[in-house]
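Q: If you want the building blocks of each chain, they are given just below.
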Amino acid sequence: MVMKKVAMELGMGTSLRRQDYTKAAIRALQDALWHNSLTMADAFGFSREDMIVEVEIGVQKPEKVDIKAVKAILPYGKGSVQVVHGGLDIAKPASNNSSTPDGTNPDRADTDNTVIANAAVNVFFDMQPAAGRGSGT
Amino acid sequence: MKRLILEMGTGNDLYGENYTKAACRAVQDAIHHSSLVLFRSLGLSHEDMQVNVTIGVQKPELVDTQKVADELPRGQAIVTVVKGGLNVQDTDNGTLSVIATAAIEACLDINPDDWQLSR
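The listed protein sequences derive, respectively, from chains A and B. Per the numbering used here, residue 8 is the first one in the first sequence, and the count goes up by one each step. Per the numbering used here, residue 354 is the first one in the second sequence, and the count goes up by one each step.
Careful: at least some of the hints might be erroneous.
Stated by the list, open to error - Derived BS3-like pairs: lysine-lysine, alpha-carbon spacing no greater than 27 Å straight-line: (1) A:K30 - A:K11; (2) B:K355 - A:K11; (3) A:K12 - A:K75; (4) A:K12 - B:K355; (5) B:K355 - A:K85; (6) B:K374 - B:K412; (7) A:K75 - A:K85; (8) A:K99 - A:K85; (9) A:K30 - A:K75.
None of these hints come from the bench; they were simulated from the model.
Generate coordinates for the entire structure from the input sequences, incorporating the hints supplied.
A: Now the structure itself:
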């Protein structure tokens with residue numbers, strides 16, 4: 008394997024009301040992917056399916072991200088998803104808290120957060136200079 | 354020339370009605386969502402990269418293309434401005450917000466015969 012990294016894409020996604028870490032991660036990934044159109048496979052004469060796509064997600068509660076759902080977003084290539092502790096959670100001001108007025112709603116036991124996820128996508132090809140040619144080092 | 358990537362972004366100037374500023378911000382948004390790592394990985398030169406920048410704003414004639422070209426850190430930039438983007442008029446408060454769209458194509462002279470998959 009001669010993995011050559013050819014591109015990195017970055018994005019941010021949020022879950023504003025539902026503290027849905029998977030949704031925030033998916034939006035971050037979509038932000039990263041759909042800000043760019045990679046046409047490198049064509050340029051090198053490869054297939055898009057030859058792309059190796061490594062996704063890294065950062066959120067404050069990594070265990071709450073459904074990795075399968077995030078991976079399902081990738082349109083092509085061989086994908087993998089890793090989730091680490093990162094991103095950012097910001098507590099909502101008490102007055103905006105959607106728990107019951109007396110604060111007894113068990114689903115809202117802890118303070119509501121605005122959830123922010125970061126996504127980094129690294130794209131590789133398993134490639135090398137053609138035999139006897141190429142400028143690669 | 355083969356296109357490596359199309360980067361897209363938006364930028365605005367909310368109250369200054371400065372179309373060049375909005376265009377420059379759109380360029381920054383576009384270029385900072387990705388990195389062309391292949392130049393390092395494959396030992397290619399940035400100098401040979403051609404960068405085609407297309408800006409969309411409602412008043413193309415008010416964009417200083419040289420200032421927009423200066424936003425590009427590498428390669429040979431060619432800036433074209435067309436009518437596009439979006440202007441948002443707030444008649445209640447008498448303000449105009451200018452939104453610019455940027456599409457940036459990075460192109461390089463690659464010969465596909467020079468490269469192959471490892472397997």
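Q: Please name the hints from earlier in the document that this structure breaks, with their numbers sorted from lowest to highest.
A: 1 and 8
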